[in-house]
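Protein chains: 2
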Amino acid sequence: MGFAFDDATTVVAVGDNQYSATVHAGWDIGGNANGGYVLALVGAAMRQAAQGRDPVTITAHYLAPLTAGLVEITTETIKLGKRFTTVTANMRQGERDAVRAIGAFGECAMSSDGLSHTAGEPPALPDFAESARWMAVGADFQPAFVERVDVRLHPEDSGFGRGQPSGTAVMRGWFSFPDGRSMDALAMLLAADSFPPAIFNLTGTPDRVPTIELTVHVRAQPTPGPLRCVFTSRFVQGGMLEEDGEMWDSRGVLVCQSRQLRLVPRT
Amino acid sequence: MGFAFDDATTVVAVGDNQYSATVHAGWDIGGNANGGYVLALVGAAMRQAAQGRDPVTITAHYLAPLTAGLVEITTETIKLGKRFTTVTANMRQGERDAVRAIGAFGECAMSSDGLSHTAGEPPALPDFAESARWMAVGADFQPAFVERVDVRLHPEDSGFGRGQPSGTAVMRGWFSFPDGRSMDALAMLLAADSFPPAIFNLTGTPDRVPTIELTVHVRAQPTPGPLRCVFTSRFVQGGMLEEDGEMWDSRGVLVCQSRQLRLVPRT
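From first to last, the protein sequence lines are chains A and B. Those letters in the first sequence? Residues 0 to 266, by numbering that gives the first Met the number 0. Those letters in the second sequence? Residues 0 to 266, by numbering that gives the first Met the number 0.
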């Protein structure tokens with residue numbers, strides 16, 4: 000009776016620094032598990048290793064695609080500090096290393112003390128209730144994964160699926176779960192790679208855009224409700240591109256930043 | 000007779016996946032080795048482990064300060080791929096893990112093939128030759144490290160050292176070496192943390208702004224000549240801030256992006 004995301008990120012300790020988990024079917028794009036889901040799954044194991052502390056900054060390198068089925072995660076707690084516990088992880092499927100990660104886990108709760116400064120604002124979006132889910136906007140590109148998240152794209156950014164890319168490598172929209180599961184640090188690891196690549200609004204073609212590396216900074220605990228998200232690629236060159244993400248909660252607080260390095264689709 | 004930076008980043012293989020190096024004096028701020036120098040040093044060992052391939056994306060977690068003296072670096076080659084070699088590293092000094100890093104090493108040479116897109120431009124700076132080095136702008140804050148790099152701040156961003164912060168968390172300037180050592184991927188790892196923190200232009204006080212995590216993406220091989228750099232902090236909250244960097248070469252090509260998560264100075 001749990002929420003789907005919690006079921007899909009369940010991690011069981013099977014020994015010292017050893018965890019077992021199952022990559023769930025349906026969280027994939029063409030058979031390969033979504034990168035945000037994979038980050039949340041490895042992050043769930045690392046969070047256990049960090050005795051329940053939440054990820055503050057986590058980096059994953061994607062070495063091999065993961066398919067539905069068992070994975071084993073080995074963690075190492077490098078440093079147990081007052082403020083952060085630093086943990087590495089190796090996620091294997093069969094004989095193959097699939098993901099390596101490193102992260103610092105601790106308090107990301109927003110403190111009202113100290114210096115505060117914001118140069119930026121959440122993306123303007125149509126009301127959540129009046130927005131269409133990604134799966135319903137007529138895109139040809141509808142991986143199984145889109146049923147697991149409730150992503151509602153800004154109408155100006157969703158034309159790529161109808162052969163009408165906006166011409167600007169930006170992807171804005173709402174993120175939440177279809178079953179009402181609340182937002183937290185793990186959910187934001189998922190959200191960091193849950194939108195169609197911003198580059199689709201240049202190419203107009205939903206090709207694979209493999210992730211080499213993804214880093215997520217959790218900047219505050221989100222308040223309840225869908226997140227306003229924006230993903231942007233500013234530099235596409237030499238066969239690679241970066242994609243930067245920002246997530247904002249219902250208070251208008253920046254709760255998460257992400258950056259990933261991806262390979263440009265071969266056209 | 001070598002360049003100072005090459006001397007200071009010399010790494011000697013002492014066994015399988017084992018390297019020895021010396022944190023050189025003079026590359027410090029108040030006795031602690033500069034974070035960019037440390038990244039370049041661990042990156043030099045990882046590059047050897049990757050058989051000379053250059054860093055394309057590298058992430059370091061800073062666990063303990065490093066002082067001048069011996070360090071030992073243990074590497075692990077996780078994946079030897081056609082395009083990238085993925086390597087982890089553990090840098091220890093004495094009994095203590097000081098830095099953990101993970102990176103993908105390969106070709107970052109700019110290809111003229113494929114999709115190319117740029118939404119950004121290099122920062123406008125006064126001519127290099129007419130700019131003053133950081134050490135010469137009258138700042139109270141002059142760590143030993145500033146003699147090792149030739150950083151020339153934009154005059155609008157250098158007032159923090161005279162009690163006149165600009166009020167905008169941006170730090171622009173030129174980066175090169177005083178002895179003419181050329182720019183390359185390792186030099187850009189150094190440059191990613193060689194400027195005064197952008198936050199000094201809000202606080203006006205040169206306090207310590209410790210780095211938790213630093214990720215650098217090398218986006219192209221730089222052409223000869225000083226780099227135009229800009230560092231920006233947009234979100235300061237909950238005791239943390241991000242600092243994003245861009246470096247541009249003499250062609251006007253973006254050659255490097257960096258992002259670090261830092262602790263806000265305690266005031």
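Note that these hints are calculated values from the structure, not bench results. Incorrect hints may have been included.
Copies of the same chain look alike in the list, so a pair counts if it works inside one copy or between any two.
[Claimed, not checked] Pairs of lysine to any residue, SDA-like flavour, derived with a Cα cap of 25 Å:
1) K81 <-> L185
2) K81 <-> P164
3) K81 <-> N31
4) K81 <-> H153
5) K78 <-> A3
6) K78 <-> R91
7) K78 <-> D96
8) K78 <-> N89
9) K78 <-> D27
10) K81 <-> G51
11) K78 <-> E120
12) K78 <-> E94
13) K78 <-> A131
14) K78 <-> N16
15) K78 <-> Q17
16) K78 <-> L114
17) K78 <-> Q220
18) K81 <-> G166
19) K78 <-> G162
20) K78 <-> V145
21) K78 <-> G158
22) K81 <-> F176
23) K78 <-> T66
24) K78 <-> S19
Review point. Hint by hint, which ones does this structure get wrong, listed from lowest number up?
Key: 2, 4, 5, 11, 13, 16, 18, 19, 20, 21, 22
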